[in-house]
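Since the structure of chain A is already known, use the hints to place chain B on it.
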Amino acid sequence: MSAHAKITAFDPVAARAGFAILGREVYGRPLVYLDNAASAQKPRQVLDAMRDFAQDEYANVHRGVHYLSAASTERYESAREAVRRFLNARAADEIVFTKGGTEAINLVAASFLAPKLQPGDEIVLSVMEHHSNIVPWHFLRERQGAVLKWVDVGDDGSLDVEAVEAAIGPKTKLVAIAHMSNVLGTVAPLKEIVKRAHEKGVPVLADGCQGAVHEIVDVQDLDIDFYAITGHKLYGPTGIGALYGKRAHLKAMRPYNGGGEMIREVTREVVTYADPPARFEAGTPPIIEAVGLEAALAYLSALDREAVATHERDLYAYARESVRRFNWLKLIGDAPGKGAILSFEAEGMHAHDLATILDREGVAVRAGHHCAQVLMDRFGVISTTRASFALYNTRSEVDALVAALAKAQKILG
Amino acid sequence: MDDSLRELYQEVILDHSRHPHHYGALEGASHVGEGYNPLCGDRVKIYLTVDSGGRITNITFEGKGCAISQASASLMTDALIGRTAAEAERLMGGFLHLVKGEEAGGLADEDRERLEAMAGVSAFPMRVKCATLAWHTMKSALEGGDAAKSE
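Each protein sequence line maps, in turn, to chains A and B.
Heads up: take any position in the first sequence, counting from 1, add 42, and you land on this note's numbering.
Heads up: take any position in the second sequence, counting from 1, add 478, and you land on this note's numbering.
Chain A with its partners taken away, still in its complex shape (with noise of 0.2 Å):
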């Protein structure tokens, strides 16, 4: 048998001893985490590589002549490969490493559209982004004067390409999109949305945090323009993710931060850089986070993702059908073919409330405004509760949830 012979059908059970802390209790009742889509578990794989990596290999990259220096170069790389692999993008240049998500986002603000913007042109994107594609753009409204076009959602949180061309005019020269809403769950056509962004000649950036973790992603197929992931909702470490761009926009880009690694030469008068992906990685980069990286999507990959996609689908489903005896209970965002997260409003209950008892019956969830307050507005609610599930949940979690919401609504409705 093949070392990456792929699990096929998935077991939720079997998954979960991976991943110690989820044996643990909280206020003596067993640990229900359904808050993965602030930040995923990260599995014993992920622990193991971080840590053998840091005992046995480490160095600092890209600088030494050393054996450890280009033992750990090779590993950073070969993590950049695996990242590349995940995506299905053309080539590993194409793959710039940074903190996270958020930064990968703020790259290309700064990188790519900042220096193009002219007062009023226009960057699309919709009310369900998350505050990482949406204060990057906000920057260059307030100092480029740039006009941010937003995307309503319908009432069941859905996405509309029609909508999104729709806001498409001449002066476009950006869609940012979210490829899943962190809250509504929502998944946008994506292909669809580039395709018509590209026939009229407008760049896509996609939000990945959330997508990537739960869809199948193929920049090629996609054909999108600059896709951005981060490595802790991924089963992976937090202070790493990555943002994929074509090599042809990447080419033509400025240096975003400047130092050490970034530069070809640095002379007295004049700097000159390096090329992609290396411009763009100033300092020493996260090297430790960037094996554990590799090692989650290594973990990912080895399962079958049909077979997780399913099995979180039906968390959704069995969530959504066990909450409906709530009749004070109003779900947020059930749009077809939207991913696990469950987010809902309460009726004479405020989240924080509802979180804190969830809490103590060990029951982990967001509650407040998930860095979209956009989107709150857009429901007319201040918060909201939200379970979002990983791969790692099961049904008789969903069932905790529900006890847990019996209990709050006795406590507190």
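Since the hints were derived computationally from the structure, they do not count as laboratory data.
Each residue gets a CB set at the ideal place from its N, CA and C atoms; glycine is no exception.
Worth double-checking, as some hints may not be accurate.
As the list claims (entries may be wrong) - Pairs of lysine-lysine residues, derived as PhoX-like cross-links and limited to a Cα-Cα distance of at most 25 Å, are as follows:
no., chain 1, residue 1, chain 2, residue 2
1, B, Lys542, A, Lys449
2, A, Lys372, A, Lys293
3, A, Lys237, A, Lys141
4, A, Lys452, B, Lys542
5, B, Lys607, B, Lys542
6, A, Lys372, B, Lys578
To be verified - Computed list of chain A residues with no C-beta within reach of chain B, every gap over 12 Å:
no., residue
7, Pro54
8, Asp194
9, Glu234
10, Asp263
11, Lys293
12, Ala294
13, Asp346
14, Arg366
15, Phe368
16, Leu371
17, Val444
18, Ile453
Relative to chain A, chain B alone:
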């Protein structure tokens, strides 16, 4: 139920949050303060009138928020109406200690008794800000006069 949870969501807190005292805008207020909790997006607006002798003659509040923040604001209006600014200052300091589980100096026995219901918050560090929002807003309204902001 978890004891600390029972203490947090005791009847008096839930009563105040469902039927807050002194809720609404106050016509002719001499001081107004707005508070915002960026963590949850909750907002509160405090109106008060201070007479020429420096006594707080009325306080009202508006806003949406969790049970803790609403109850705390409601209890605060009860506790501070009729006080001088200096008395209010001392009481606010005592309250902040109370919800952080610290020795609540500056609270007279009757005030402590009145506000004791909020002490349960101290077992929930993530929720202390909910309890203090209205109080910080009140403080900045008193100090800053019209339309003070507080975070």
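To see whether the hints hold, each was checked on the structure:
A threshold of 25 Å between alpha carbons decides the hint, and for Lys542/B with Lys449/A the separation of about 23 Å falls inside it, so the pair holds. For the hint linking Lys372/A to Lys293/A, the alpha-carbon distance of about 48 Å lies beyond 25 Å, and the restraint is violated. Between the alpha carbons of Lys237/A and Lys141/A the distance comes to roughly 29 Å, so the proposed pair goes past 25 Å and is violated. Of the supplied pair hints, the one linking Lys452/A and Lys542/B holds, its CA atoms being roughly 21 Å apart against a limit of 25 Å.
Proximity of Lys607/B to Lys542/B is assessed by CA-CA distance (about 15 Å); at most 25 Å being required, the pair is judged to hold. The suggested pairing of Lys372/A with Lys578/B is violated, with an alpha-carbon distance near 34 Å, which exceeds 25 Å. At roughly 28 Å, the least C-beta separation between Pro54/A and chain B is larger than 12 Å, which holds for a residue marked as non-interface. With a minimum CB-CB distance of about 20 Å to chain B, Asp194/A clears the 12 Å threshold, and the non-interface call stands.
Listed as outside the interface, Glu234/A is consistent with that label: its C-beta sits roughly 33 Å from the nearest C-beta of chain B, beyond the 12 Å cut-off. The non-interface label for Asp263/A is consistent with chain B: the shortest C-beta to C-beta separation is roughly 38 Å, beyond 12 Å. The claim that Lys293/A is not at the interface with chain B holds, since no C-beta of that chain comes within 12 Å of its own (minimum 39 Å). Once the 12 Å rule is applied to beta carbons, Ala294/A is consistent with being away from chain B; the minimum gap is 37 Å.
For Asp346/A, the non-interface assignment is confirmed: its Cβ lies about 38 Å from the closest Cβ of chain B, beyond the 12 Å cut-off. For Arg366/A, the condition that its CB be more than 12 Å from all CB atoms of chain B holds, with the nearest at approximately 25 Å. Every CB of chain B is more than 12 Å from the CB of Phe368/A (nearest about 18 Å), matching its label as outside the interface. In this structure Leu371/A is separated from chain B by more than 12 Å, as the shortest Cβ-Cβ distance comes to about 17 Å.
The non-interface label for Val444/A is consistent with chain B: the shortest C-beta to C-beta separation is roughly 17 Å, beyond 12 Å. The non-interface label for Ile453/A is inconsistent with chain B: the shortest C-beta to C-beta separation is roughly 5 Å, within 12 Å.
The earlier numbered hints that this structure contradicts are 2, 3, 6, 18.
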